[in-house]
Amino acid sequence: MRVGVIEPDRCRPEKCAPPTQKVPCIRFCPVVRSGAEAIILDEDINKARIIENVCTGCGICVKKCPFHAITIANIAEELKSDFVHRFDLGGFVLFRLPIVKAGKIIGLIGPNGSGKTTAIKILAGEIKPNLGHPEEPPEWNEIIRNFRGSELQNYFKDISENQVKLVHKPQYVTKIPEITKGVVSELLEKVNERGVINELKESLNLKEFWNRNLNILSGGELQRTAIAAVIARDADVYFFDEPSSYLDVKERLEVTKVLHQLATLGKTVIIVEHDLIICDYLSDYVHILYGQPAVYGIVSHIHGVREGINLYLDGFLPDENIRFRTEPIRFHLNPLGSGGWESTEVITSYNKMEKQLGDFYLKINEGVIHKGEIIGIVGKNGLGKSTFIKLLGGELPPDVGEPLEKELKIALKPQYLNIEFDGTVEMLLRESAGKNFDTAIYKSQILKPFNLSELEERYITELSGGELQKLAIANTLSKEADVYLFDEPSAYLDSYARLTITKTIKRFIENKKAAAFIVEHDILAVDFLSDSLIVFSGESGKKGFSTPPIDLKSGMNLFLKNVNITFRRDPRTGRPRVNKLNSELDRKQKKTGDYYYISLKSND
24 MRVGVIEPDR CRPEKCAPPT QKVPCIRFCP VVRSGAEAII LDEDINKARI
74 IENVCTGCGI CVKKCPFHAI TIANIAEELK SDFVHRFDLG GFVLFRLPIV
124 KAGKIIGLIG PNGSGKTTAI KILAGEIKPN LGHPEEPPEW NEIIRNFRGS
174 ELQNYFKDIS ENQVKLVHKP QYVTKIPEIT KGVVSELLEK VNERGVINEL
224 KESLNLKEFW NRNLNILSGG ELQRTAIAAV IARDADVYFF DEPSSYLDVK
274 ERLEVTKVLH QLATLGKTVI IVEHDLIICD YLSDYVHILY GQPAVYGIVS
324 HIHGVREGIN LYLDGFLPDE NIRFRTEPIR FHLNPLGSGG WESTEVITSY
374 NKMEKQLGDF YLKINEGVIH KGEIIGIVGK NGLGKSTFIK LLGGELPPDV
424 GEPLEKELKI ALKPQYLNIE FDGTVEMLLR ESAGKNFDTA IYKSQILKPF
474 NLSELEERYI TELSGGELQK LAIANTLSKE ADVYLFDEPS AYLDSYARLT
524 ITKTIKRFIE NKKAAAFIVE HDILAVDFLS DSLIVFSGES GKKGFSTPPI
574 DLKSGMNLFL KNVNITFRRD PRTGRPRVNK LNSELDRKQK KTGDYYYISL
624 KSND
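Positions 24 to 627 (this note's numbering) are the ones given, in order, by the sequence shown.
Mixed in with the good hints there might be a few duds.
[Claimed, not checked] Lysine to any residue pairs mimicking SDA-like chemistry, simulated, CA-CA at most 20 Å apart:
#1 K188 <-> Q176
#2 K180 <-> E162
#3 K471 <-> D445
#4 K124 <-> E274
#5 K536 <-> A456
#6 K536 <-> D574
#7 K466 <-> E389
#8 K124 <-> F170
#9 K224 <-> E162
#10 K198 <-> P157
#11 K127 <-> G243
#12 K535 <-> E389
#13 K45 <-> R25
#14 K429 <-> E503
#15 K188 <-> G289
#16 K273 <-> E343
#17 K375 <-> E389
#18 K224 <-> E201
#19 K290 <-> Q186
#20 K413 <-> Y482
#21 K584 <-> Y304
#22 K566 <-> I433
#23 K87 <-> V123
#24 K45 <-> P31
#25 K535 <-> E368
#26 K180 <-> G243
#27 K466 <-> E449
#28 K526 <-> E350
#29 K535 <-> P421
#30 K432 <-> S455
#31 K86 <-> I63
#32 K144 <-> H156
Because the hints were derived from the structure by calculation, they are not lab data.
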């Protein structure tokens, strides 16, 4: 089976050929030259379109397109019967759907562009599945018949008859103020169908912004408000698209508690989550979505959460005989003990610093930085982690003390992605990398792992949040520096991109013998990246205090004790897993002080 996708934003027939000539994709197609129409120019929309049942999949049109708008993919013929939805002719294709189980939490994991949000919208009744026929969408009776013999047959029957109540928390919570106006308390009282707002006010810590207008809330406050608004509704199936975005670790765990309560009431909960630790802790089952981003996505068969996440890290599905990644992802199991960096060369040190910002007071302990060292920075929101990065980067002057030496070269990736550059991706990276841009090393270390080669001709204003994040990190690494500063580099990225990019950062810093500071809420990324940790404590929004850089095990123990959770290790992949609160293993580790467990033994 062949899928041909043409990205409409990139397809520009008016620019890729003179008026007297056919566009390159048509002109060079051997099937067209033999007299058949394998690819045509749709004059109604002035875009090329591939006729998939005629196309031979030679790939010549892919290579000849000057704007890299065409993708041809060959997939298993057996998937024809699993065709669920297609966005227009020549658009993204989704195969299969997740299973809906009452009283269970189903997690969806996979790369951006693989169809997770599309699957949720179909199950939430916001998109009617067209079974691969966007030009002639089927009626409900045909859709129901297509899913006969599966749990989805009765589910779509109930949707068609309005017999099931569905509620959906969208992915982009920062757009909520554009749609809804008013005060948080007024909004939540309006949707309080289950009468649980007072409990949610406490459990999600909404009281600190209870009487504020939506348009002045931070991303984390909007996220908690949106989650509360959805949980307050009385529904049968609840959908949450990326519920942990903008939240710190403590807040993420509080969200998991209220979602678990929904499942205990017999409700079905389906989540899309890129933080694999939270997905693991929250879900009963998972589906893995794989394929080719923005071209096609396939929903895997259902798996238990532990096995499913391990298969995702392995990159291989034995039950489907599919390998969707060339190499597995494994985690290091031997965090450096105390003094692990004493034998390496010191780059520099920084002194004690203090900073007063309005009512907020920050005190920083002194620290030493070594060549090749990556220092993770962890702590709850509002304790001054981003302020610390700005102090180190010279964006803010300290009131007391001195930041890094002035002669040191520093490169900073800020928390908020506001790249002020009027040009293309290539123009920006070429300016930052200079003569290194055209070298094989730069292409292998930066362009390839960040998948930026295909974005080089795109203007920065056209990029999505995930693409902007990759560009911002790559642009920071492109600069010649002794110390690299990253503030929340995993935001907007899917779980695999997070692991791939953290691996790239780690390899780059080690090879360059530079150093890096990284603020991060995704503990899996912190564990994967860090050689040592700085732990922030204090009172959010009022005062913050940092430790000096300490060894990874001691730092994680201190941080996890502050948020009252313990970790064990998965025996197969080495990934950290959160213990259930007050479980036997949780109590045992807290008693011995081993909040951050590095042994492979598991009581799973």
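Hints, verified against the model:
{"no.": "1", "hint": "K188 <-> Q176", "verdict": "holds (16 Å)"}
{"no.": "2", "hint": "K180 <-> E162", "verdict": "holds (12 Å)"}
{"no.": "3", "hint": "K471 <-> D445", "verdict": "violated (24 Å)"}
{"no.": "4", "hint": "K124 <-> E274", "verdict": "violated (26 Å)"}
{"no.": "5", "hint": "K536 <-> A456", "verdict": "holds (18 Å)"}
{"no.": "6", "hint": "K536 <-> D574", "verdict": "holds (19 Å)"}
{"no.": "7", "hint": "K466 <-> E389", "verdict": "violated (37 Å)"}
{"no.": "8", "hint": "K124 <-> F170", "verdict": "holds (16 Å)"}
{"no.": "9", "hint": "K224 <-> E162", "verdict": "violated (43 Å)"}
{"no.": "10", "hint": "K198 <-> P157", "verdict": "violated (28 Å)"}
{"no.": "11", "hint": "K127 <-> G243", "verdict": "violated (26 Å)"}
{"no.": "12", "hint": "K535 <-> E389", "verdict": "violated (24 Å)"}
{"no.": "13", "hint": "K45 <-> R25", "verdict": "violated (24 Å)"}
{"no.": "14", "hint": "K429 <-> E503", "verdict": "holds (15 Å)"}
{"no.": "15", "hint": "K188 <-> G289", "verdict": "holds (14 Å)"}
{"no.": "16", "hint": "K273 <-> E343", "verdict": "violated (37 Å)"}
{"no.": "17", "hint": "K375 <-> E389", "verdict": "holds (4 Å)"}
{"no.": "18", "hint": "K224 <-> E201", "verdict": "violated (23 Å)"}
{"no.": "19", "hint": "K290 <-> Q186", "verdict": "holds (15 Å)"}
{"no.": "20", "hint": "K413 <-> Y482", "verdict": "violated (28 Å)"}
{"no.": "21", "hint": "K584 <-> Y304", "verdict": "holds (18 Å)"}
{"no.": "22", "hint": "K566 <-> I433", "verdict": "violated (27 Å)"}
{"no.": "23", "hint": "K87 <-> V123", "verdict": "violated (44 Å)"}
{"no.": "24", "hint": "K45 <-> P31", "verdict": "holds (18 Å)"}
{"no.": "25", "hint": "K535 <-> E368", "verdict": "holds (13 Å)"}
{"no.": "26", "hint": "K180 <-> G243", "verdict": "violated (37 Å)"}
{"no.": "27", "hint": "K466 <-> E449", "verdict": "holds (12 Å)"}
{"no.": "28", "hint": "K526 <-> E350", "verdict": "holds (13 Å)"}
{"no.": "29", "hint": "K535 <-> P421", "verdict": "violated (29 Å)"}
{"no.": "30", "hint": "K432 <-> S455", "verdict": "holds (13 Å)"}
{"no.": "31", "hint": "K86 <-> I63", "verdict": "holds (17 Å)"}
{"no.": "32", "hint": "K144 <-> H156", "verdict": "holds (18 Å)"}
Of the hints listed earlier, those the structure fails to meet are numbers 3, 4, 7, 9, 10, 11, 12, 13, 16, 18, 20, 22, 23, 26, 29, in rising order.
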